[in-house]
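**Q** Residue numbers (this note's numbering), protein chains in the order written: chain P, 1 to 269; chain B, 270 to 678; chain U, 679 to 1051.
Check the hints yourself; a few may be wrong.
Stated by the list, open to error - With a cut-off of at most 25 angstroms between alpha-carbon atoms, the simulated SDA-like pairs for lysine to any residue come out as follows:
| # | chain 1 | residue 1 | chain 2 | residue 2 |
| --- | --- | --- | --- | --- |
| 1 | B | Lys402 | B | Val459 |
| 2 | B | Lys490 | P | Leu256 |
| 3 | U | Lys871 | P | Pro181 |
| 4 | U | Lys703 | P | Asn169 |
| 5 | B | Lys373 | P | Gly132 |
| 6 | U | Lys768 | P | Pro181 |
| 7 | U | Lys768 | P | Val77 |
Think of the hints as simulated: they come from the structure by calculation, not from any bench.
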Amino acid sequence: MWLPSYTTPSERLMRTLVLAFAVAVLLFLIAPLFIIVPLSFSKDPFFTLPVREYSLRWYADFFGNTRWMNAIFNSAVVAVMTTVLATTLGTLAALGISRADFPARRLIMALLIAPMIVPIVIVAVGSYLFFGQFGLTNTRIGLVLAHTALATPFVVITVTATLSTYDTNLTRAALSLGASPSSAFFHVTLPNIMPGVVSGAIFAFAISFDEVVVALFMTAAEQRTLPVQMFSGIRDQINPTIMAAATLLLALSIILFTILALMTRRRVK
Amino acid sequence: MTAVEVDRINVFMAVRRAQRPARRAALSLALPLIVFLAIAFVAPILYLLVTAVGNPETREVLPQTLRALESWDGISTLDEPVYAAFANDLKVAKDKSTAALLGKRLNYEISGMRSRVLAAARMVEKLDTGPYKEKFLELNKDWDSRETWEIIKRNGASFTPYYMLTALDLQQANGSIKRVQGDQAIFLDVLARTLFVAGLVTLFTLILGYPVAYVLTIAPKAIAGFMMLMVLLPLWTSLLVRTTAWVVLLQSDGIINDVLTALHLTSERLQLIFTRTGTVIAMTHIQLPFTILPIYSVMRSIPATQLRAARSLGAPPSSAFWRIYAPQTLPGVVAGCLMTFILSLGYYITPALVGGPRDQMVSNFISVYINRDLNWGLAAALGVVLLVVTLAIYLLFLRLVGADKIKLG
Amino acid sequence: MNFSQRMSLATDRPVDALVRFEDVKKSYDGINFVVKDLNLDVFRGEFLTMLGPSGSGKTTTLMMLGGFEQPTLGHILLDGKPVERLPPEKRNIGFVFQNYALFPHMTVAENVAFPLRYRGITGAAAKEKVRQALGRVSLEALGDRRPAQLSGGQQQRVALARSLVFEPALVLMDEPLGALDKQLRERMQIEIKQLQTSLGITMVYVTHDQSEALTMSDRIAVFHDGRIQQLSDPETLYNAPANRFVASFIGENNSLPCTLLGWEGGLAVVRMADGTTLKAAGANVSGMGVDMSISIRPENISLAGQRPHAGFNRFSGMARDVFFLGDHMRLSIEAFGGQLVTARIPALQARHFALGTDVAFECSISECRLLEE
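Generate the whole structure from the sequences, applying the supplied hints.
**A** Dropping the structure here:
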């Protein structure tokens, strides 16, 4: 398969082995994700396959429990606020960085990307200690601020990537035709970099919605997010309701991923 | 300076001047984010650094005592004035209930100090006047020990190297820095373990990921697209979901053990959950896409004619691969491996849920010192150690790869 | 009007200049200059082309005029008023970009209507103007399409319509035909030229394609190394290049080193490397320098008859290679002590011709030009 005609038999064997190996690795990558799906629909509280009898009892548990519902609500509120803040700040910054005249680009880029690199616990502890000084621990605002810092690099990267394929002559054309810089931005630049901005927003939402460590430090029971609720659940005693929650998170990831894939495809076209 | 030189400098300045508005406009767009990150990201980390060397307790609780100790040479026996000042400070501390804080801080350096300080505070509350010295000695003869007062005096400084030294298994004794012995020396071990696990995970992701990246570049478009989906989807899935999956899979009565026993590969069920093996497997799974993607993007840019040219020049397949292809993929390998190594250093969730007590990484210890022991200074100091190691590798990454090369999918 | 007369016009500062560059310099780093001491007037209603290889400063000059780059030193006057501080959207200049810069998220009609909305023209009036503009480039039917659904040539026309719809007095074009194939390019050259003449607009056109420049322009400014090497009408440019760069950049040219011996009745007398003396009419030299060359176009060399003609230079050479090119032959001649000279002679003439023998050639003295570096 996929071999040029000049290959030797030993090379064929080698390639077949590499292929088989790669397929095995891909299965290793993908299988664990989908293991949780059947388990969440099992009637039994065991984590074994095959499932003997299917039921929705763990989902009923999940949706019937005010703790889980509260956690979903908190996660959604925090993620939406983070998305708005991170997308705005990140897009503006990417627009600046992409200009030829941007000073000290390497240094500033290194700073803007740093939240991706710094160990999450350090961000969590730093935020916990620092925001504590201003009474922002155990508030949603504090968590939103920390999550926004974590999410902006993703927005900066996606929007910068889109801008690198954006023809700056479009902006120049708009200006030469009489548009002011701001209307050139809103009527010409923004519609054309929208896929990158939306991708960045999806990233920001996903980062915030999935984030555990900072949320663990920054929230009390009242602001508990879905991942924190899951984390403490697994710590205490792993139960199938957590499988239901994990399956729902997986479904959300797949939805967001699909939207993103569609956006990228449109961009390529 | 000649006229030509002056002219040149004028022109140079004119160019700088002409560029200034454009530079300012570009920078002003990034400014909101820079300011935001300075407040919400850099400031917390700086605060962490300060916490790691901060030493407020003794200064706040024992101001009079410290003043009385100022003239002490560290050798002579202390007299009543110091004890009187100490008693006054403790009375105030008792009122403000800050004595426990002081006790906790001093206890880090002399075990038993917490209860001694609390007992002394309770005692002075009942005393109206001195002399205090003999009362303190009656309570505990160690109130006469030089070591106790030396440490109190030393902790009068605003900053202390204590936490940083402890985080590196060092201690300050009699003016010199020594290595901590025995079961007290745990942190270098934890750091080594963290580096070891990160290295192991990096190695495994490389071994597993390199062939996948290669197959992605040679597969027909549709199949490659599907394979790419299988690489990207895990990346998109919540880290917690992936860890949860591994917690379930690795259970003693879980699916992996079911399969292994069904295939008669093992006679008895293996302990996988709460082990290092389990931690490394789960982390490898989570990090794999981070290693694959940079390698793939470099491999994709190597023209197929390279291998054909090598073959036409007489190289056998294996030699064409190792001498022509592999060296050209090196930038991707470096980028992917450094990325995975950096991210692996900061793991917290996966070791906490999948690992045993002996598999906890630096991050987990930081969390323990914050949440359980309430020893913020030591947690911060461990954070500084982790941060320094990470930033050192990040700088290496910036040198070798560059921040603008980071791509997402 | 010849080159030197044009130069004097530029210094006389005539009133009909729509655009004037005054001592304009541009540098991005403060050390190297992309544009050096540019002085240029663009007259009302003329088609001026800035021609030059890439990196010669022509596009930077155009961008400065459009307002997308600021001159480091000097002034740009538009209608007599300095515009260095005027942002592009206030200049009211039409601009056609390389690769057109059509807005991909808007239809053709929306693209063309775009400049109207900033000039307060909306509704039916705008519709009518868009219809007219698209009519002018024969694209009335395609108003509802997206740019991506159009061919390259159609996109080019949309860009043209968009830059003309608000009736600017000045239109700038940056290599607008570079992405089109040869045939389409030649048709568009004629269409653009016709539009420019019929609308009476002033056009500044940037290209690196000399035949395009020669076809369309009233005047051509040849750029090289940040300076205008020559500014003149196409014929003068071709027949009387001002220096060696222009001679070799425009058309094919033999540039042969020589030494100036003196002057004789207004003609320069030069000695070639092998001692042959030739005469040259068009001389553009300042003194008696050593580093000179004589420039002869291949089509001006022909096979000589038995007797020398008056007014012709005569020299002998050995034909090394002959290429048949349909209507003419192309000869590679070794002459003047080992130099290769290219000649284009009619195919008929070349019939009685043998390779490797010494042959006599001639060329009109009036077509030989003595040039300095």
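**Q** So, for every hint listed, does it hold in this structure?
**A** Consistency of the hints with the structure:
Between B:Lys402 and B:Val459 the CA atoms are separated by roughly 44 angstroms; this puts the pair beyond 25 angstroms, and the hint is violated. Taking the CA atoms of B:Lys490 and P:Leu256, the gap is near 23 angstroms; set against the 25 angstroms cutoff, the hint holds. Distance hint between U:Lys871 and P:Pro181 is unfulfilled; the C-alpha atoms sit about 32 angstroms from each other, more than 25 angstroms. Distance check on the hinted pair: U:Lys703 and P:Asn169 sit about 23 angstroms apart at the alpha-carbon level, within 25 angstroms; holds.
Taking the CA atoms of B:Lys373 and P:Gly132, the gap is about 21 angstroms. The hint holds against a cut of 25 angstroms. Distance hint between U:Lys768 and P:Pro181 is fulfilled; the C-alpha atoms sit about 11 angstroms from each other, no more than 25 angstroms. Between U:Lys768 and P:Val77 the CA atoms are separated by roughly 45 angstroms; this puts the pair beyond 25 angstroms, and the hint is violated.
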